[in-house]
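Between the sequences and the hints, there should be enough to build the whole structure, so can you do that?
Here's the letter readout for the chains.
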Amino acid sequence: MKKISHLDDKQIIEAVINERGLDGALRRHLFECSVCRAQKEALQAGLARFGQISRAETPENFRKPMLLESAGVRRPVWKIRPALGLGLAFASILVLLLSPLTLQKDKLYTQDMVYREMLQDEKFMTEIEKLEENPLPRFYVDIGDPGDDERDILGPGAMNNDGLNQDGGSRNG
Amino acid sequence: MNPTEDLELSVSSTQDTRLSALVERAREGDRNAFERLMTLHQDEIFRLVFFRTRSRADSEDLTQDIFMSAFKYLPQLKDSDRFRPWLYRIALNRVYDFHRRNKLLAFFGITEHREETDTADIEPHLNAGALDSVIRKEFWSHVKQLSKRFSRMEKEVFFLRFIDDLNLREIANTLGKSESAVKTHLYRAIKKFKEDSALSDFLQGEWHGEKDQPS
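Protein sequences, first through last, are from chains A and B.
The opening position of the first sequence corresponds to residue 1 in my numbering, with each subsequent residue numbered one higher.
The opening position of the second sequence corresponds to residue 1001 in my numbering, with each subsequent residue numbered one higher.
Check each hint, because a few of them may be wrong.
Claimed, not checked - Computed cross-link-like contacts, DSS-like style, restricted to lysine-lysine with a CA-CA straight-line distance of at most 25 Å:
no., chain 1, residue 1, chain 2, residue 2
1, B, 1191, A, 10
2, B, 1183, B, 1155
3, B, 1103, B, 1155
4, B, 1144, B, 1155
5, A, 64, B, 1072
6, B, 1155, B, 1137
7, A, 10, B, 1177
8, B, 1177, B, 1192
9, B, 1155, A, 40
10, B, 1137, B, 1072
11, B, 1194, A, 40
12, B, 1137, A, 10
13, B, 1192, B, 1155
14, B, 1192, A, 40
15, B, 1144, B, 1183
16, A, 10, B, 1103
17, B, 1155, A, 10
18, B, 1148, B, 1191
19, B, 1155, B, 1177
20, B, 1155, B, 1191
21, A, 40, B, 1183
22, B, 1144, B, 1192
23, B, 1072, A, 10
24, A, 40, B, 1191
25, B, 1177, B, 1148
26, B, 1078, B, 1148
27, B, 1194, A, 10
28, B, 1103, B, 1144
29, B, 1148, B, 1103
30, B, 1148, B, 1192
31, B, 1137, B, 1194
Claimed, not checked - Example chain A residues on the side facing chain B (calculated, C-beta under 8 Å, incomplete):
no., residue
32, 13
33, 16
34, 25
35, 54
36, 55
37, 57
38, 62
39, 67
Read the hints as simulated data drawn from the structure, not as lab findings.
Even for Gly, the Cβ is constructed at its ideal location relative to N, Cα and C.
Next comes the structure, spelled out in structure tokens:
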């Protein structure tokens, strides 16, 4: 077993602060050694005396504090009334959802879409109305559907190579 | 553990439970419970303030103020077992505010700032016991000298341990430090206390002088 010499100043102070924090061997030594124990007790006595005198200096008959009538506990708002708390929480969420910052983007998008859809609808309706009220003029119908005379003029016979050759021949001739 | 220690622990545990129950009731706004808490702690809070301000009138005002703050903010105390350190923390903060305000007022010449004096601002009182005015003056002079050698944290830890009688855990909770940090500050403070031979002689003389007195 390790032989321990007397405790040094540091160990004596540590013993005063917290004896249980000392190493087991040191504690045993402190328990058995009257010299070390006397040192520790002297220091403890000095500190106790210091506290004792300080406390004795405090006047006893001081004005005692009183709990004033106006004094009240300050509770967090949500603890005052649970229903009020719930209401406040709901209102906060609602405000957050309906706030301009949250709505602005969606709102712009919706307005734009509706406007475009309205324009398209209007255009489409205009076309329908035109078709209903102003049928295609006869002139354009005639162009679209050539008559028998025109068909003859433009017939394949009139556009054949012979015709061209004849024409070319006469030019050349 | 011997039976005496066992009994002490049991008594202490019962007291803690009662205190926690009082704190719980006071948190719900029970004024009677808070008044009971106030009665239990008013002496130690007044002592804490008085030792740091050395003015009876200021200490009375500050003690009143501390308990009003405690009542107001009690619902915000999360752990009712930590009521005492929490109350001490409020008290210390009030004392710091008091010194700060005084320094500021003194800076603008509104009031005269009183540095730590050699004597306490009190009339001779009955509980002074054998301490006559000369001894009292000497004692405060030693305290002043010792305080000058301490850092702020060493001073606070030392006073909380040996004057206010808080244990290491309570000091740690009051100051918002770890227990090991408290031990380190306390070690340094006790070392300085031990090295102050004039104070040791004074205390020894007082100690023996008082012991020699016939009861």
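Against the structure, the hints:
1. 1191(B) - 10(A): Given pair residue 1191(B), residue 10(A) holds - Cα atoms ~8 Å apart, limit 25 Å.
2. 1183(B) - 1155(B): 13 Å, holds
3. 1103(B) - 1155(B): Holds, at roughly 20 Å.
4. 1144(B) - 1155(B): 11 Å, holds
5. 64(A) - 1072(B): The hint holds at about 18 Å.
6. 1155(B) - 1137(B): 20 Å, holds
7. 10(A) - 1177(B): 22 Å, holds
8. 1177(B) - 1192(B): The hint holds at about 21 Å.
9. 1155(B) - 40(A): Distance of about 21 Å is within 25 Å: holds.
10. 1137(B) - 1072(B): Not satisfied, since the Cα-Cα distance of roughly 39 Å exceeds 25 Å.
11. 1194(B) - 40(A): 11 Å, holds
12. 1137(B) - 10(A): The hint is violated at about 32 Å.
13. 1192(B) - 1155(B): Holds. Residue 1192(B) to residue 1155(B) sits at ~11 Å (cutoff 25 Å).
14. 1192(B) - 40(A): 16 Å, holds
15. 1144(B) - 1183(B): 23 Å, holds
16. 10(A) - 1103(B): 38 Å, violated
17. 1155(B) - 10(A): 19 Å, holds
18. 1148(B) - 1191(B): Roughly 14 Å between the alpha carbons, so the hint for residue 1148(B) and residue 1191(B) holds.
19. 1155(B) - 1177(B): 14 Å, holds
20. 1155(B) - 1191(B): 12 Å, holds
21. 40(A) - 1183(B): Holds, because 17 Å separates the two Cα atoms, which is no more than 25 Å.
22. 1144(B) - 1192(B): 13 Å, holds
23. 1072(B) - 10(A): Measuring from Cα to Cα gives roughly 44 Å; hence the hint is violated.
24. 40(A) - 1191(B): This hinted pair holds, its Cα atoms lying about 13 Å apart.
25. 1177(B) - 1148(B): The hint holds at about 22 Å.
26. 1078(B) - 1148(B): Status violated; Cα separation ~36 Å.
27. 1194(B) - 10(A): OK: residue 1194(B) and residue 10(A) at ~11 Å, within 25 Å.
28. 1103(B) - 1144(B): Holds, at about 18 Å.
29. 1148(B) - 1103(B): 18 Å, holds
30. 1148(B) - 1192(B): 11 Å, holds
31. 1137(B) - 1194(B): Holds: residue 1137(B) and residue 1194(B) sit about 21 Å apart, inside 25 Å.
32. 13: Since the shortest Cβ distance to chain B is 5 Å, the answer is holds.
33. 16: This interface hint holds because 6 Å falls under the 8 Å limit.
34. 25: Violated. Min distance 20 Å.
35. 54: 5 Å, holds
36. 55: 6 Å, holds
37. 57: 6 Å, holds
38. 62: 5 Å, holds
39. 67: Given a least distance of 5 Å, the restraint on residue 67(A) holds.
When each numbered hint is compared with the structure, violations occur for hints 10, 12, 16, 23, 26, 34.
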